[in-house]
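Peer 1: Here is how the chains run, residue by residue.
Protein chains: 2
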Amino acid sequence: MSTNEVTFLIFGATGDLAHRKLFPAIYCLFCDGRLDEDFGVIGIARRDKQTEDFHKDVRESIEHYSRYKIEDEDAWQRFISRFYYYGLDVSNQAGYSGLKDMTGQLEQQLGLAGNRLFYLAMAPNYFGVVAQNVRSSGLKESSGWTRLIIEKPFGHDLPSANELNEQIHNAFAEDETYRIDHYLGKEMVQNIEVIRFANAMFEPLWNNRHIDNIQITLSEVVGVEERAGYYESAGALRDMVQNHIMQMIMMVAMEPPSRFETEAIRDEKVKVLRSMRRYSPDEIKQYVVRGQYGPGELQGKSMPGYREEPGVNPESTTETFVAAKLFVDNFRWAGVPFYVRTGKRLPTKTTEIVLELKGLPQSSYLNMEGKMGPNLIVIRIQPVEGMYLNLNAKKHGAGGGVEPITFEYCNNCDQESTMEAYERLFIDCIKGDPTFFTRWDEVMEAWEIADPIEQLWQQEKPAFPNYAAGTWGPQAADELLSKGGHHWWPVYGQKMLEGVQASQPESREQQVATSV
Amino acid sequence: MSTNEVTFLIFGATGDLAHRKLFPAIYCLFCDGRLDEDFGVIGIARRDKQTEDFHKDVRESIEHYSRYKIEDEDAWQRFISRFYYYGLDVSNQAGYSGLKDMTGQLEQQLGLAGNRLFYLAMAPNYFGVVAQNVRSSGLKESSGWTRLIIEKPFGHDLPSANELNEQIHNAFAEDETYRIDHYLGKEMVQNIEVIRFANAMFEPLWNNRHIDNIQITLSEVVGVEERAGYYESAGALRDMVQNHIMQMIMMVAMEPPSRFETEAIRDEKVKVLRSMRRYSPDEIKQYVVRGQYGPGELQGKSMPGYREEPGVNPESTTETFVAAKLFVDNFRWAGVPFYVRTGKRLPTKTTEIVLELKGLPQSSYLNMEGKMGPNLIVIRIQPVEGMYLNLNAKKHGAGGGVEPITFEYCNNCDQESTMEAYERLFIDCIKGDPTFFTRWDEVMEAWEIADPIEQLWQQEKPAFPNYAAGTWGPQAADELLSKGGHHWWPVYGQKMLEGVQASQPESREQQVATSV
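Chains A and B, in that order, give the protein sequences.
Numbering follows our numbering, with no gaps: position 451 of the first sequence is 451.
Numbering follows our numbering, with no gaps: position 18 of the second sequence is 18.
Careful: at least some of the hints might be erroneous.
One copy or two, it doesn't matter: identical chains are merged, so the pair holds either way.
As the list claims (entries may be wrong) - Pairs of lysine-lysine residues, derived as DSS-like cross-links and limited to a Cα-Cα distance of at most 25 Å, are as follows:
| # | residue 1 | residue 2 |
| --- | --- | --- |
| 1 | Lys152 | Lys349 |
| 2 | Lys431 | Lys371 |
| 3 | Lys483 | Lys431 |
| 4 | Lys395 | Lys431 |
| 5 | Lys301 | Lys431 |
| 6 | Lys152 | Lys431 |
| 7 | Lys349 | Lys285 |
Please keep in mind that the hints were generated in silico from the structure rather than gathered at the bench.
Produce the entire structure from the sequences given, and follow the hints as far as they go.
Peer 2: Below, the structure written as structure tokens:
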């Protein structure tokens, strides 16, 4: 019997996340032989649906979004025959007993031992009621393990997150609760700890003696798309900074754990947030910038402003951009600014972490042409996965002078496709390894940092829109750095857009398909 | 008037060095516009020769050995018309007045201001007499500068080097004397100081806190070729270690100079040799290994042993291989072994410097498959010019584990051909920049290190041959490292020969032409 055997109970099976991410992830795990054939899937959603129709939906999802195509119809039949559908109004307690019966039957029929993975791919206001009903219906009573995966947002502030957490904990213990931050499933985010702690070269440099500043960019080209309902009440701070950006800061800044074990790692991660400087309202004004895009041009197309997007309030004060200068006030990082930014409708889609090393003696001989820039250690999360070092070398040929050179390592350039975050995280959850999920105290600390910002913003009406679609956000985001003598380093794709020689060879830029 | 204007007086114009290196270097400088057309060349050798025949010789040399081909006959005519020949027995004082007249006429005819570069491309036993005669004939009295370039060997031990130096200094001052070590003209050797001192990333690591050991390999595939006469009385210690390898040690180990100026740099370089541990005879036996190749197979061909080579004594005790474990006893390098090796008829031609970083905590999680090797900083001098870093990263895909990754920088991969050392060094000499030539005290210190080894070896008859052509030298060269818990890291081309996946992509291995 495979240790990976599992029944997926996917709440919100007709929704966008299930369609775009979850079904394709299950299919890819199946194709890679990671699930063997010891699994079952029950899709759960409000509307009634015939199994055949559900199977059609799943097929369509995989044809559109999976990195593996359907090539073998026999294999496909073995795969899809394990998918069942159950119509349920999640608030209706009575409906759960039918779901319980169906789950039991399916497990018996497929010879599964009763491991149940509950995935709540739905709005968070239903989390409490689902957890409660799963428990009261006895659906959680099983001879195998039962685990719950929930998606962000984990509340919209600390009190609501606390409430949500209590509701969930009525049914699922903390060690059964897997809070997905899909950034933690990304290859290069997981690689950060390995790069830092498996190399004698980096650890001696990874501190305030040698690092001048750290820059994290998480830029999106897309606008709000069909998510206006959610986004209007969330905004970039809650949607990106409180979770993904905080997770990247934790991975970059954490102390080495005593052992590479889940709780040892999470203990070190949360210490980073505990050390993060809490800002007074005046400091927030000084160090945190918000923005909202107006109309503009992006990649050659005219784009409407955020307030013109469907479903958005024409006087919306929701921020679509955040930049901040943060400090981790511990011995390792005292005095090193962590500059972060994220936004929608920015010129290029990229997630990148730049560590800028401190300066050097400005020898006039070596720097006689003024080309001796600071060293950079750059970790590329997406779309290119890899790392590069920006260094200086002798200018080729006779005569002195220095020119920048690049040492490169590309993690996905030779890969046809890389395992998606959701595949990785499914496997981790099935194996009972929550290392790359968010622990409750991380969520709590992150809200403690975000809440005062949000509260201040609620009190003051912003002069939105303040950046044009297709630009790098409001001017204040550049001034945030220039006040400290810094500037944002170009990120992946940016130089190419600006017609400058890219630090990444062009062929590679073109070669690597953009992955979500 | 160009500041580069010069008359080359090449003694030994019919010899191998002139033919293979000097004429091609002058031609390439001409093609690159570095000489403009303000130059003249007088070839000097014993035998009588017509100008036309000399021109034919030069053309043949360039057709065979130059990185630029002759494509434009007009340009060629402008080039070759500046070449003259003068037959001279260098011991015959009387002949120099004719040379003086010819030089004066040529300068007048070509409108040159009288800068004279004397190049002694001949056996060192003539250096003294040429210098003496150049002076007494008045050939050195000129309205421009006069400089002397001499080739290694600078003597065969400290007393003979001293004597040679005194003879030369009778005619040329130290600042007019340019001792060529063509390794100092190599792009990547010159790059070492830039890489070290123009990057904040390396300097903090470049010491005994972080470096475990340093390995320098200078391996040749060729045997003794037509140089048996010289080589029999020299051997690998004098031919390679006393000069090229010592120069590379100095570049790698030197402290940062206060300014990037010639004497400041040379002052720091010579301090390295002054700090090098002097060995007692017992220590020499323990730390220095000599070898001589016997018959063997190399790159698929049978090779004779050294004693079977033409011109070699069948009972020769000349070493064709040296390995040594050296120590630079200063605060930066205390305790860090510098392992060096050089030899003929080794499996691949390469010059490479490896800095092995100290170990890491051996976390069982990160190292669970035992693939976490130490970090390496590798500087490739030739044939590939570049650098790479051997690091560890997360194994691609799900699950833990670490695998080695390589960050690469290739300096000559995109170049059609790289400036040869001799071109660079000619230009430096013409400009009056002796930075990349050897200062007298460097020569002296290097002989002080080599002499006791040579003296001990003279007393003890070695059991030669002790390695087969096509192998990496005697077993003792491996034991030198294994006693300290180390091993030689594979160098460029080695893994490919052994059928193992090379750290350098194969295409690049094939792409880069081998340069001498």
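Peer 1: For every hint, state whether the structure bears it out.
Peer 2: Hint-by-hint comparison with the structure:
In the homo-oligomer, the alpha carbons of Lys152 and Lys349 lie at most 25 Å apart inside one protomer (21 Å), although the nearest pairing across protomers, at 58 Å, exceeds that limit. Proximity of Lys431 and Lys371 under a CA criterion of 25 Å is satisfied inter-copy only: 24 Å between copies versus 51 Å inside one chain copy. For the identical chains of this complex, Lys483 and Lys431 are neighbours neither inside a copy (48 Å) nor across copies (45 Å), given an alpha-carbon limit of 25 Å. For the homomeric pair Lys395 and Lys431, the shortest alpha-carbon distance between copies (18 Å) is at most 25 Å, but the shortest distance inside one copy (52 Å) is not.
Taking CA atoms no more than 25 Å apart as the test, Lys301 paired with Lys431 passes in neither setting, with 46 Å inside one copy and 56 Å between copies. In this assembly of identical chains, Lys152 and Lys431 lie within 25 Å of each other by CA distance solely inside one copy; the values are 21 Å within and 67 Å between copies. In this assembly of identical chains, the alpha carbons of Lys349 and Lys285 never lie at most 25 Å apart, being 27 Å within a copy and 63 Å across copies at closest.
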